Amino acid sequence: MSEKTPPVLRESATFDRLAIQEIQRAAETGIYDIRGGGTKRKLPHFDDLLLLGASVSRYPLEGYREKCGTDVVLGNRFAKKPIHLKIPVTIAGMSFGALSANAKEALGRGATIAGTSTTTGDGGMTPEERGQSQHLVYQYLPSRYGMNPDDLRKADAIEIVLGQGAKPGGGGMLLGMKVTERVAGMRTLPIGVDQRSACRHPDWTGPDDLAIKIAEIREITDWEKPIYVKIGASRPYYDVKLAVKAGADVIVLDGMQGGTAATQEVFIEHVGIPILPAIPQAVQALQEMGMHRKVQLIVSGGIRNGADVAKAMALGADAVAIGTAALIALGDNHPRLDEELKKIGSAAGFYDDWQNGRDPAGITTQDPELSKRLDPVEGGRRLANYLRVLVLEAQTMARACGKSHLHNLDPEDLVALTVEAAAMARVPLAGTHWIPGQQY
Amino acid sequence: MKTIDLSNASVRDLNQALHDQAKHVDDREWVVTHPDGAHNLAVGVNQEVSIDIQGHAGYYCAGMNQKASVTVHGNVGVGCAENMMSGYVRVKGSASQAAGATAHGGLLVIEGDAGARCGISMKGIDIVVGGSIGHMSCFMGQAGRLVVCGDAGDALGDSLYETRIYVKGKVESLGSDCIAKEMRAEHLEELQQLLDRAGFNEKAADFKRYGSARQLYNFKVDNASAY
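Heads up: the sequence lines are chains A and B, in that order.
All residue numbers for the first sequence refer to the numbering used here, where the first residue is 1 and numbers rise by one.
All residue numbers for the second sequence refer to the numbering used here, where the first residue is 1 and numbers rise by one.
Just chain A, same shape as in the assembly:
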């Protein structure tokens, strides 16, 4: 026994390699780290819930034979022309500027094939997007970049954005490398500036003003268009109540897993709450006001598969929205790009520098050569395929729970795998009747 035991290097749980790297990077540059995407930390999520398939006490529906409906009507509280979608999975707001024109067109094509809506973003509506989108939601943001009444009238619905899950309370940014001549022209900005977007709307403050603002937009559009209010999940119980009181037709609730084109890493990781605890709070607010299923609830932030769709709807959502997953479906982070991504300091499966415009997939870029790499027809087809899979998966699980429509899923179809998820989702811990915080 002359050989010594090799030393084991112990990594600090507090100062792990990521923390050390970030301190070193900050010391070298003097500026916070900016990136795209949503939070990367592990959070209580839909994976911590399970659906209870039928057996003796409930009977299931026959797969592929007995119908499981998927359609949803959005905005029938006040709007003369509510939106009727074939599937309850919508495409979240992402701007032309953050995304290439081809990517926006592909989102419109895919959504239209699948029978759902897509959404503009900060910077206005492009003709390509309007032309390819059967149902287009026009975002009304604090910056009002590209906002004009002609496009307002062309929209099928209007979404007043108060915040987003990746950065509730924060404004937007679009770094200069993506502010090209076309993007700058649409936003009335000098070419190449680091565009800052305000975090608050310029002409109203607080919920009473919001009611007047909603009334103004309704008046301008002759009460035809559904008006959504989008909030970043932080205090959803109160925010939903105030938005409904202000006159919203639809609430869009975005959890902290929701992506962004460009925001400070520290903001993405430390502000807001996950979508899992946000949904029950929003549903409670709607139920207390007698507005559940009358004011529709669209939830987003980390939706990846049909199980997530089914679980979100079982918790009380009327529909879900996808952003990051839609970009992945178009080709973001595809393994074939691994070599190119490594050249710019990333790798397939890790790429999040959506802010710098060098995306080899041609999606989060304004570079004309890179943009050409994304064929909008092929991208649209891929997105439509993915949307179909999401819905088929959700239907499969709903039928197993004995539900003839995705909207018939309810919290009684769910249990939680962890105490935390049980408390947040307000469903029993699996194998018990215990909902922490509600029953003792």
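FYI, nobody ran anything at the bench for these hints, they're computed from the structure.
None of the values given here were measured: they were computed from a predicted structure.
Backbone N, C-alpha and C define an ideal beta-carbon position, used for all residues, glycine too.
Keep in mind that a hint or two might mislead.
[Unchecked claim] Examples of chain A residues lying across from chain B (beta carbon under 7 Å, computed): (1) Ile31; (2) Asp33; (3) Arg144; (4) Asn148; (5) Asp151; (6) Val193; (7) Pro202.
[Said to hold, decoys possible] Coverage of chain B stretches by chain A, computed from C-beta distances (three or more under 8 Å per stretch; other residues unrestricted): (8) 10-17; (9) 117-129; (10) 137-148; (11) 157-165.
[To be verified] Dumping the calculated EDC-like pairs for lysine to aspartate or glutamate here, alpha-carbon to alpha-carbon at most 20 Å: (12) B:Lys220 <-> A:Asp338; (13) B:Lys23 <-> A:Glu128; (14) A:Lys80 <-> B:Asp27; (15) A:Lys372 <-> A:Glu224.
We have chain A already, so just place chain B on it with the hints.
Quick look at chain B alone, frame taken from chain A:
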């Protein structure tokens, strides 16, 4: 001339009648009586009509106006002519906050004073104020001209892009990246034209010009204290 009396018609009736003019013009001249501070009067109009509002108006009067000429014989609430694209809005009294916010075009004339955030995020509109304006006016102003015949409050032109600001009186303070600039011949000329169009008997030579120093256009860590 068409008169709509808001003591027996609704704001919805008014706006729908005005919107219908975009398809077919029934009357070029409209008069609105008994506005009594109602919100959202004459919003989203898209036709070359003149609208005379005979009294005070609430929030967002003439919001998103296109082509119309709107005169308010009184004061206006928050966001008068917000996001206006074209046309002309004249306020005979004073305006509350955020007058002309985010507007892309047209001319907004306020004969009295304007409150805080006048011209916030303006994107091409021309605003001429006969009196004074409040704090944080022209915050993130992107394009267009803001003319103030009186004084300006704190933090004028904070985070300014390319809006040109002309003030005759005292400026309480300038916001980040907003500086006094030389008044050259082309500025005197455009300012005099604006004053004349607004119907104010003022001389361009009595004003000072303010604009962006363009130091915050691209983030530099040395400027962090300015944010």
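Hint-by-hint comparison with the structure:
Against a cut-off of 7 Å between C-beta atoms, the interface hint on Ile31 (chain A) holds, since the closest Cβ of chain B lies about 5 Å away. The interface hint given for Asp33 (chain A) is violated, since its Cβ lies 13 Å from the closest Cβ of chain B, which is over the 7 Å cut-off. Interface restraint check for Arg144 (chain A): the shortest CB-CB distance to chain B comes to about 4 Å, inside 7 Å, so the restraint holds. At about 6 Å, the closest approach between the beta carbon of Asn148 (chain A) and any beta carbon in chain B falls short of 7 Å, and the interface hint on this residue holds.
The interface hint given for Asp151 (chain A) is broken, as the beta carbon of that residue sits about 11 Å from the closest beta carbon of chain B, more than 7 Å. For Val193 (chain A), the interface hint holds, the least distance from its beta-carbon to any beta-carbon of chain B being 4 Å, beneath 7 Å. About 4 Å separates the beta-carbon of Pro202 (chain A) from the nearest beta-carbon of chain B, less than 7 Å, and the hint is met. Using a Cβ-Cβ cut-off of 8 Å, 4 residues of the segment 10-17 of chain B lie near chain A, which meets the minimum of three, so the contact claim holds.
Only when three residues or more bring their CB closer than 8 Å to a CB of chain A does the claim for the segment 117-129 of chain B stand; here the count is 5, and the claim holds. Residue count for the segment 137-148 of chain B with a Cβ under 8 Å from a Cβ of chain A: 4. That meets the three needed, and the coverage hint holds. With 3 residues having a beta carbon nearer than 8 Å to a beta carbon of chain A, the segment 157-165 of chain B meets the requirement of three or more and the stated coverage holds. Between Lys220 (chain B) and Asp338 (chain A) the CA atoms are separated by roughly 32 Å; this puts the pair beyond 20 Å, and the hint is violated.
For the suggested pair Lys23 (chain B) and Glu128 (chain A), the alpha carbons sit about 26 Å apart, so the restraint of at most 20 Å is broken. In summary, the hint linking Lys80 (chain A) to Asp27 (chain B) is not supported, as the alpha carbons are separated by about 27 Å, beyond the 20 Å threshold. The straight-line distance between the Cα atoms of Lys372 (chain A) and Glu224 (chain A) is roughly 37 Å, outside the 20 Å bound, and the hint therefore fails.
Of the numbered hints given earlier, the model fails hints 2, 5, 12, 13, 14 and 15; all others are met.
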